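Chains as they are written, first to last, in my numbering: chain X, 69 to 543; chain H, 979 to 1474; chain C, 11 to 118.
Worth flagging that the hints you see were computed from the coordinates, not collected in a lab.
These numbers come from a predicted model, not from an experiment.
What you were told as hints is all true, and nothing was included just to trick you.
Straight-line C-alpha distance at most 30 angstroms; calculated DSSO-like pairs for lysine-lysine:
#1 K148/X x K206/X
#2 K278/X x K288/X
#3 K148/X x K1080/H
#4 K299/X x K288/X
#5 K408/X x K523/X
#6 K455/X x K508/X
#7 K206/X x K1080/H
#8 K1080/H x K1119/H
#9 K1370/H x K148/X
Between beta-carbon pairs, the in silico distance windows are:
#10 A16/C x P1260/H: 38 to 44 angstroms
#11 G248/X x P1215/H: 23 to 29 angstroms
#12 Q1255/H x T15/C: 30 to 36 angstroms
#13 R93/C x P320/X: 29 to 35 angstroms
#14 S351/X x E1358/H: 28 to 34 angstroms
Ideal Cβ placement from N, Cα and C applies to all residues, glycine included.
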Amino acid sequence: MTDYEVVIGLEVHVQLATRSKIFSWSSAAFGAEPNTATDPVCLGLPGALPVLNQAVVDAAVRLGLAVGSKIRQRCRFARKHYFYPDLPKGFQISQFDEPICEGGTVRFRLRGEPREVRLVRIHLEEDAGKNIHADSSKSLVDLNRAGVPLCEIVSEPEVRSADEAAEYVRAIRTMVRYLGIGDGNMEEGSLRCDANVSLRPRGTTTLGTKTEIKNMNSFKNVRDAIEHEVKRQAAVLDGGGRIVQETRLWDPGRGVTQAMRSKEQAHDYRYFPEPDLPPVVVSDAALAALRSSLPELPEDRFVRYTGPLGLSQQDAGVLVAEREIAAYFDAVIAAGAPAKRAANWVINDVLARVGDARGLGAADLSVPPAALAELCRLVDDGTLSGKLAKDVFGRMWSERRTAADIVATEGLAQVSDGGELEDICRRIVAEHPAEAARFKESPKLMGFFVGQIMKATGGKGNPKTINEILRRLLA
Amino acid sequence: MTIDARGATAVAIADKVRAGTWLARDVVEHYLDRIARLDGALGCYLLVDADGARRRADAVDAVRKAGRDPGALAGVPLGIKDIFCTRGVETTCASAILRGFKPPYESTATARLAAAGGVMLGKLNMDEFAMGSSNENSSVKPVRNPWSVAHVPGGSSGGSAASVAASLCAGSIGTDTGGSIRQPAALCGVVGVKPTYGLVSRYGVIAFASSLDHPGPFGRTVEDAAALLEAMAGPDPLDATSIPQPVGAYREAARAGRTGATPLAGVRLGVPDEYFQAGMDPEVEAAVRAALDELARAGAKLVKVSLPNTKYAIATYYLICTAEASSNLARYDGVKYGHRAAGVSSLEDLYTKTRGEGFGAEPKRRIMLGAYVLRAGYYEAYYGKALRARRKLADDFSAAFAACDAIVTPTSPVPAFKFGERMGDPLQMYLADVLTVAPNLAGVPAVSQPCGFTKSGLPIGLQTIGPTLGEEICFRVASAYEARTDWHTRRPPEAS
Amino acid sequence: MSRITADEVRELALLARLRLSDDEVARMTGDLGAILEYVDALSALDTNDVEPMTHAVPFDCPERPDETRPSLPLDEALANAPRRDGDFFQVPRIVPGPGGAGGAEDGS
Chain X
69 MTDYEVVIGL
79 EVHVQLATRS
89 KIFSWSSAAF
99 GAEPNTATDP
109 VCLGLPGALP
119 VLNQAVVDAA
129 VRLGLAVGSK
139 IRQRCRFARK
149 HYFYPDLPKG
159 FQISQFDEPI
169 CEGGTVRFRL
179 RGEPREVRLV
189 RIHLEEDAGK
199 NIHADSSKSL
209 VDLNRAGVPL
219 CEIVSEPEVR
229 SADEAAEYVR
239 AIRTMVRYLG
249 IGDGNMEEGS
259 LRCDANVSLR
269 PRGTTTLGTK
279 TEIKNMNSFK
289 NVRDAIEHEV
299 KRQAAVLDGG
309 GRIVQETRLW
319 DPGRGVTQAM
329 RSKEQAHDYR
339 YFPEPDLPPV
349 VVSDAALAAL
359 RSSLPELPED
369 RFVRYTGPLG
379 LSQQDAGVLV
389 AEREIAAYFD
399 AVIAAGAPAK
409 RAANWVINDV
419 LARVGDARGL
429 GAADLSVPPA
439 ALAELCRLVD
449 DGTLSGKLAK
459 DVFGRMWSER
469 RTAADIVATE
479 GLAQVSDGGE
489 LEDICRRIVA
499 EHPAEAARFK
509 ESPKLMGFFV
519 GQIMKATGGK
529 GNPKTINEIL
539 RRLLA
Chain H
979 MTIDARGATA
989 VAIADKVRAG
999 TWLARDVVEH
1009 YLDRIARLDG
1019 ALGCYLLVDA
1029 DGARRRADAV
1039 DAVRKAGRDP
1049 GALAGVPLGI
1059 KDIFCTRGVE
1069 TTCASAILRG
1079 FKPPYESTAT
1089 ARLAAAGGVM
1099 LGKLNMDEFA
1109 MGSSNENSSV
1119 KPVRNPWSVA
1129 HVPGGSSGGS
1139 AASVAASLCA
1149 GSIGTDTGGS
1159 IRQPAALCGV
1169 VGVKPTYGLV
1179 SRYGVIAFAS
1189 SLDHPGPFGR
1199 TVEDAAALLE
1209 AMAGPDPLDA
1219 TSIPQPVGAY
1229 REAARAGRTG
1239 ATPLAGVRLG
1249 VPDEYFQAGM
1259 DPEVEAAVRA
1269 ALDELARAGA
1279 KLVKVSLPNT
1289 KYAIATYYLI
1299 CTAEASSNLA
1309 RYDGVKYGHR
1319 AAGVSSLEDL
1329 YTKTRGEGFG
1339 AEPKRRIMLG
1349 AYVLRAGYYE
1359 AYYGKALRAR
1369 RKLADDFSAA
1379 FAACDAIVTP
1389 TSPVPAFKFG
1399 ERMGDPLQMY
1409 LADVLTVAPN
1419 LAGVPAVSQP
1429 CGFTKSGLPI
1439 GLQTIGPTLG
1449 EEICFRVASA
1459 YEARTDWHTR
1469 RPPEAS
Chain C
11 MSRITADEVR
21 ELALLARLRL
31 SDDEVARMTG
41 DLGAILEYVD
51 ALSALDTNDV
61 EPMTHAVPFD
71 CPERPDETRP
81 SLPLDEALAN
91 APRRDGDFFQ
101 VPRIVPGPGG
111 AGGAEDGS
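Build the full structure now, drawing on both the sequences and the hints.
Okay, here's the thing in structure tokens:
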């Protein structure tokens, strides 16, 4: 059995969340009733002409800047020809030899290790409609999606495993959401991935024959499909066979890739420059403005969180995953909360309650960052016990009140007074002579005593003080 | 109130309708009557929208009666080449593949003509998908030259040219991709204008070759054509190749050409030898040379210029236009509109049978050639090469316009030919465009006007080519020539 | 000698989705051959230091603001459909075929 190196290149299509389509004014929103979001341009009616949406260019440039691509300040659209019912004009307006972005690098983490995958290019194109296979005799065509703007991101064949592929795609999703240019939702189809997979004996440099894998509509499917394809190809090669260059569809139900039963020969797309659209120019001024509009990017944030802020990689990873979460966290520490404590609260308590991370960007948050910072302060200065703080947070969330307000009106202030606690501790120890006697052999009984005292104080005892007192009393 | 279509110009009709002397409705009825009586022999109209025309004319009259401005073209009956999408009115490009297609939207050009008070009479016959130079490629019926029904009117806007010549409308519009306005204008003895590329919006103009298609007007006189162009032209946010500059004063330029004894004093007119080649009909050459003399008498200075790459123009044109055509015609697939083949059970059958049945021979030929020259591996040698040759042809014009203000040539090397004469040899048909294609490639404006007749009574056309956005100089020159001659007053014979 | 063979013509016809009869293939082979031979003359033109001219306009692509306008009503969008099926255009059953935009396949 040969030791193969897996060579994977990924093509990711990102649907841009602009209001209108790339070349016409119909809404680009998902979910309209069939064929109700069309117009002469995206229907491909005779005589209709494309008109370019500025927001689409801006989105592509921002994406390119975020991954360090070279922005082609003069680029062109091209026609890509093939016949298919969801392609009304018989060609797709795409980009060929003058794409808007060239090069670039996607940075992400694989099991904690930083990874980089270089890009070949990013280009703009229009989406096709949808074919629905109604029954064995007919298919139905819905052209709502025709003309929705897409960014196609093409990577170099530098991905080396199925896991890495999934993380790469996830990183793109995160980036797209950070930039606010798309939803990055694989299940809804606003993020799509095709993979080119080949194997070569480890140590060689010649590329093996690749297959193109399609129909992977979740991160898990990306991983599973590629894993399966790698095994399939290895088995073929080990058996002395050759890989056929073909397109294969992932079938998640059966867990296999299947060659498409296509009679098409290799495509000849007959690309030529789109005559209805002059070259697209991005001025220096526009480029500068778009560059300054970039938010702090996920990898940079990750480095800041794990470095100066000292968070664990795991915690940093959770916080960085969505821009709104990270922004919320940043606001909490800006309001004075210490990083680790704030991270714990955000990860364990805030995230559990907020349905969609984007809700954290809303103006009327139940627990604004400053309120959470105040809660942290009350725990730090001993006013509130850690245990009660959890309950208080719950009430802050549902009642939209501040911690200080709840603590004050309900007398939840932690009892730290040494004298008061000492009395309670003595009483408890006296009430449990058997356990007190066994303490020296079973120090775990500390937990029992602390529990009893917490019950007696209604949860308000300061655990640190209680521990000190008990240790003295039970020594 | 005697309306005589044979003597009427669009400008005169508009003046009378605006003044209330004529009712637009009466004018329209007059033309509708002529069409009913005379178009059977000519075949200009694919569709006459009589009810629509009456409604539109009544609306113009109502606006005028209400004291509001009915527009610069008030009441002018117009024919519209069946390549312009007219909302709710069948638009077919004279092709079986679009039979029954009723656009749900209106082209910018026709919308503007209507806004100016123009009254559409119907859709005019043409070569299928604008591919042809004789209007013999219509899938419905040919158009006949009103000057001699055994002869072709030229193409592809044969119906547009013939209808103006036969006074079956007071003005018309067509498209010019390789000469399809100017050549039929020349063969039918009327004025035809190919404007600067991008001056008239292509939104709603069914595409043949996107970078070469130019919508433009036909008129009986230069000023008529100028008036139509003024109404149609101008920036359009619906067309990304539309020139973002305001419309020029074309009618004024035409009027300037009529003023004074030497209206062209100071104007240098370039005469390129390359446009007077062997194989030209001697009567055509004689008429054009006489026209040059006339222009000199109007004050112009004739200078020799050279357009050295002219001999490559046809090859360049046919490589680019077929590539773009093969692309633009890919959408006709039986799925969204138009013809759909019966009895198909597979997608591939749907496409191949629909397109095989729906397209005529010339579109098929051009689709095939276009697919060939765009194939990977052939692109650089053919299409890529042609794009570079195109720049050289455009540079020829720029260089020439350093030495002159406008260039004057014959429009067509031959007068109207007989039906069937060129149909057997596509290449021969293509060569008919030799004098018109270069301005399409360069995007520069050009006007054709009548400058004589052959002994057998067939019209001869004179072409004036201007620099980019040089419509004014073209109109001035053409108008000056027209004012000193009376070719434009002649009328073709009419069966009573 | 023809510049293009009948087999190439059939290949092109498939590429262009045109069903041609045998007669048509034969005529097309001759016609295209003659035209290709004619356009070969272009190779004599020196275009070495010349940029391709794709557009006859000297300006850049205009861009419009990202606004929506009303779409065509459903009935107008489908009014010209040769085979309308409910709210859809109907075609014969598609066998999973060639790649489309964004890898969209089979209703995905």
